[in-house]
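Sequences and hints are given; from them, build the entire structure.
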Amino acid sequence: MELIIINILNILFWILGIYLLLNCLYLAFFAIAGLFALPKTQKNASEYKKIALLFPTYRENSVIIESVKSALKHQYNGLFEVVVIADGLQPETNVTLTKLGAKVIEVFFEKSTKGKALHFAMERLKDQGFDIAMVLDVDNVLGIDCLNYINSSYQQGNKVIQVHRTAKDVDTSFAFLDACNEEVNNQIYRKGHAVMGLSATLIGSGMAFDFPYFHKLLGDIGETVGEDKKLDFIIAKDKIKVAYLNDVFVYDEKVDNAQVFTNQRTRWIASQIEFLKTYALEGLVKLFQGNIGFFNKTLQTFLVPRILLLALLFIMAIQAYFNPVGPGKVFWTTLFLSICFTLLIAIPKKFYVDKRLYLAVLQIPRAMIGMVIALFSIGKAKKSFMVTPHHNKTVNNN
1 MELIIINILN
11 ILFWILGIYL
21 LLNCLYLAFF
31 AIAGLFALPK
41 TQKNASEYKK
51 IALLFPTYRE
61 NSVIIESVKS
71 ALKHQYNGLF
81 EVVVIADGLQ
91 PETNVTLTKL
101 GAKVIEVFFE
111 KSTKGKALHF
121 AMERLKDQGF
131 DIAMVLDVDN
141 VLGIDCLNYI
151 NSSYQQGNKV
161 IQVHRTAKDV
171 DTSFAFLDAC
181 NEEVNNQIYR
191 KGHAVMGLSA
201 TLIGSGMAFD
211 FPYFHKLLGD
221 IGETVGEDKK
231 LDFIIAKDKI
241 KVAYLNDVFV
251 YDEKVDNAQV
261 FTNQRTRWIA
271 SQIEFLKTYA
281 LEGLVKLFQG
291 NIGFFNKTLQ
301 TFLVPRILLL
311 ALLFIMAIQA
321 YFNPVGPGKV
331 FWTTLFLSIC
341 FTLLIAIPKK
351 FYVDKRLYLA
361 VLQIPRAMIG
371 MVIALFSIGK
381 AKKSFMVTPH
391 HNKTVNNN
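Its first residue numbered 1, the sequence shown is counted upward by one per residue in UniProt numbering.
Keep in mind that a hint or two might mislead.
As the list claims (entries may be wrong) - Once the Cα atoms are required to be at most 25 Å apart in a straight line, the calculated BS3-like pairs of lysine-lysine come out as:
id: 1; residue 1: Lys-239; residue 2: Lys-111
id: 2; residue 1: Lys-103; residue 2: Lys-50
id: 3; residue 1: Lys-126; residue 2: Lys-237
id: 4; residue 1: Lys-277; residue 2: Lys-40
id: 5; residue 1: Lys-103; residue 2: Lys-216
id: 6; residue 1: Lys-49; residue 2: Lys-277
id: 7; residue 1: Lys-111; residue 2: Lys-73
id: 8; residue 1: Lys-73; residue 2: Lys-49
id: 9; residue 1: Lys-40; residue 2: Lys-349
id: 10; residue 1: Lys-241; residue 2: Lys-103
id: 11; residue 1: Lys-216; residue 2: Lys-111
id: 12; residue 1: Lys-40; residue 2: Lys-69
id: 13; residue 1: Lys-69; residue 2: Lys-111
id: 14; residue 1: Lys-350; residue 2: Lys-40
Derived by calculation from the structure, the hints in this document are not laboratory data.
Right, dumping it as structure tokens:
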């Protein structure tokens with residue numbers, strides 16, 4: 001009986017080992033691909049399309065005013081309009097935004113979601129001559145010439161465009177850690193994929209769309225906690241490539257404490273599990289139909305979140321020195337070192353000369369604990385609209 005139990009455990013440990021090995025290989029492959037350069041983005045164009053800058057805003061009265069002021073100052077060679085989709089804003093905030101020059105579209109939902117707010121706004125805007133819709137988070141700041149670059153990319157035939165979202169504030173060690181995480185995501189899921197000729201992964205803001213196509217997409221989005229992931233799957237199903245502009249920036253506030261980090265990751269994990277259940281089988285079908293992009297999106301739902309992967313591999317490497325069951329210590333130690341290597345090459349070089357990076361490393365255990373809490377709290381994301389709070393912070397990462 002004891003031998004049977006040992007054999008079963010041995011098989012289970014090997015299954016876990018192979019699964020985590022595939023995780024590490026996927027991440028390492030695209031992290032290495034991301035080391036190669038993409039062509040420089042062009043900003044000149046023969047004509048300049050009309051752009052709607054969409055700010056879905058949920059109860060962020062002070063932050064949205066500063067974001068709108070910044071957006072209205074943006075230099076674009078064509079016409080653009082700042083549109084605030086106001087969910088739960090104070091009446092005086094709406095008046096202030098209108099006086100500044102923004103278009104305010106108020107929405108009222110029993111259960112708020114970003115997707116429903118965007119769809120409502122697009123219905124209101126569909127006959128106003130817009131060619132491009134760009135979605136921004138409430139705290140986002142456009143980089144120099146961002147709209148000119150997007151217009152040029154659109155003129156080259158790209159119907160969906162993701163720009164490089166990067167940190168505008170790294171004033172705490174936790175914010176710096178989150179900034180590193182953002183750049184690792186950019187390296188693996190956007191730049192690395194673009195280098196390999198695959199669609200970049202949408203990130204929820206700093207993304208631009210052909211206006212009619214975006215209107216159509218939102219009609220199919222339904223009620224979900226992960227609008228950007230749902231859009232990714234619909235776009236992949238349509239076999240439309242998401243272009244990535246690595247040298248065009250939108251600045252975004254980073255999470256500066258563990259509690260907010262946990263809430264945000266709870267929503268992310270909930271959406272990952274939702275789409276794993278929804279698309280796992282369909283992804284396999286699409287592979288045999290030749291839709292590699294859709295299959296790749298499905299693969300991403302099987303990946304362990306990186307912080308959890310790092311923690312799990314560390315634990316497995318330690319236990320292998322005392323446990324003879326399953327893969328040996330060389331296997332687990334190699335996997336742990338490989339994920340460390342992947343993360344190291346995906347972090348921008350400029351971060352290594354900043355002493356805050358080494359303080360941020362000390363926050364990794366807190367982030368790991370936050371991810372474990374998030375894993376057991378995903379039910380909350382389905383019952384309520386979990387919003388990441390924002391603050392008025394200036395861009396200091398130019």
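Which numbered hints are broken by the structure, listed smallest first?
Numbers 1, 4, 6, 7, 10, 12 and 13, in rising order.
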